[in-house]
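Below, each chain spelled out in residue letters.
Protein chains: 2
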Amino acid sequence: MSSVRRFAPESSGNFRWQEVDRLRYKDEGSAPFKDVTRQVLFAPPDQAGELRYFEIAAGGYSTLERHQHTHAVLILRGRGAVRIGSEQHAIHEHDLVTIDPLTWHQFHADADGALGFLCLVSRERDRPQLPSADDLAPLRGST
Amino acid sequence: MSSVRRFAPESSGNFRWQEVDRLRYKDEGSAPFKDVTRQVLFAPPDQAGELRYFEIAAGGYSTLERHQHTHAVLILRGRGAVRIGSEQHAIHEHDLVTIDPLTWHQFHADADGALGFLCLVSRERDRPQLPSADDLAPLRGST
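Protein chains in written order, with our numbering: chain S, 1 to 143; chain U, 1001 to 1143.
These aren't lab readings, by the way, just hints derived from the structure by calculation. Hints are not guaranteed to be accurate.
If the Cβ cut is set under 8 Å, some of the chain S residues that face chain U in the computed set are [to be verified]:
#	residue
1	Ser3
2	Phe7
3	Gly49
4	Leu51
5	Ala72
6	Leu74
7	Val82
8	Ile99
9	Asp100
10	Pro101
11	Leu102
12	Trp104
13	Leu120
Computed beta-carbon distance windows for the label pairs [to be verified]:
#	chain 1	residue 1	chain 2	residue 2	range
14	S	Gly85	U	Ala1043	16 to 24 Å
15	U	Pro1138	S	Leu130	54 to 62 Å
16	U	Ala1043	S	His92	41 to 49 Å
17	U	Gln1088	S	Pro45	23 to 31 Å
18	U	Arg1006	S	Lys26	28 to 36 Å
19	S	Lys34	U	Gln1129	44 to 52 Å
20	S	Ala137	U	Gly1085	55 to 63 Å
21	U	Gly1029	S	Gly85	41 to 49 Å
22	U	Asp1046	S	Gln88	19 to 27 Å
23	S	Ser86	U	Leu1130	46 to 54 Å
Yeah, the Cβ is synthetic: ideal placement off N, Cα and C, and Gly gets one too.
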């Protein structure tokens, strides 16, 4: 059904669209993360791609993880940082972040504001992997 | 190659990303349109979806067309209108526009500013169709 779904930000300033549910980022306890929500903006059944919007509250972070599929992210609001392997990059509104397959990555919101980003994925994709203690050691040593 | 490509708006205010080419919307003369450009933000070879950014200058418009694939559009800047079949909807920043298969549609920027939007498509998709005189008659009569 054709539609124009309005962008209707909440009084808190959080990004929200009409007729779009705010979902859990992941099941609690399934992986380490802090204060992240998910909205599925587009997942047309005839299309192979999906567009999701993730919002990380001030001081929050996504899971440190990796997966086979390329990560394609566009920052839609706010400021924060992204870890890509052993590097950290400051990020802000409208930056494009591309992360290679099987590269460890994690998004952080700044302490004083939320970070919101679009993420493009294929409907068919592999599940994220979590780091082992051996994976973490070199990552921790580099920052 | 992992990367953070910066959003670097031009002095004119037009949206532009580093290392992303501004392309023609379509070949001149191939279809009616006015003042539209295209940037491909993400087209990872391992992914089935692509994310493109279209920018319509003040007073410009995209081609009136239809196609089999569902249209999934997020307005990234500005204000304008979208025709969907016989309806017109005002649109502005962050609205989500979904257009059913084989539904005539056209985007217009307002007279006083540009309209920029993201469009999600599958890599494999059908080509747009242009309206015949018979298709246009009912569309013109309704607005």
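Checked hints:
{"no.": "1", "hint": "Ser3", "result": "holds, 5 Å"}
{"no.": "2", "hint": "Phe7", "result": "holds, 3 Å"}
{"no.": "3", "hint": "Gly49", "result": "holds, 2 Å"}
{"no.": "4", "hint": "Leu51", "result": "holds, 5 Å"}
{"no.": "5", "hint": "Ala72", "result": "holds, 4 Å"}
{"no.": "6", "hint": "Leu74", "result": "holds, 7 Å"}
{"no.": "7", "hint": "Val82", "result": "holds, 7 Å"}
{"no.": "8", "hint": "Ile99", "result": "holds, 5 Å"}
{"no.": "9", "hint": "Asp100", "result": "holds, 5 Å"}
{"no.": "10", "hint": "Pro101", "result": "holds, 7 Å"}
{"no.": "11", "hint": "Leu102", "result": "violated, 11 Å"}
{"no.": "12", "hint": "Trp104", "result": "violated, 10 Å"}
{"no.": "13", "hint": "Leu120", "result": "holds, 5 Å"}
{"no.": "14", "hint": "S/Gly85 with U/Ala1043: 16 to 24 Å", "result": "holds, 22 Å"}
{"no.": "15", "hint": "U/Pro1138 with S/Leu130: 54 to 62 Å", "result": "holds, 56 Å"}
{"no.": "16", "hint": "U/Ala1043 with S/His92: 41 to 49 Å", "result": "violated, 23 Å"}
{"no.": "17", "hint": "U/Gln1088 with S/Pro45: 23 to 31 Å", "result": "holds, 27 Å"}
{"no.": "18", "hint": "U/Arg1006 with S/Lys26: 28 to 36 Å", "result": "holds, 29 Å"}
{"no.": "19", "hint": "S/Lys34 with U/Gln1129: 44 to 52 Å", "result": "holds, 48 Å"}
{"no.": "20", "hint": "S/Ala137 with U/Gly1085: 55 to 63 Å", "result": "holds, 58 Å"}
{"no.": "21", "hint": "U/Gly1029 with S/Gly85: 41 to 49 Å", "result": "holds, 47 Å"}
{"no.": "22", "hint": "U/Asp1046 with S/Gln88: 19 to 27 Å", "result": "holds, 25 Å"}
{"no.": "23", "hint": "S/Ser86 with U/Leu1130: 46 to 54 Å", "result": "holds, 51 Å"}
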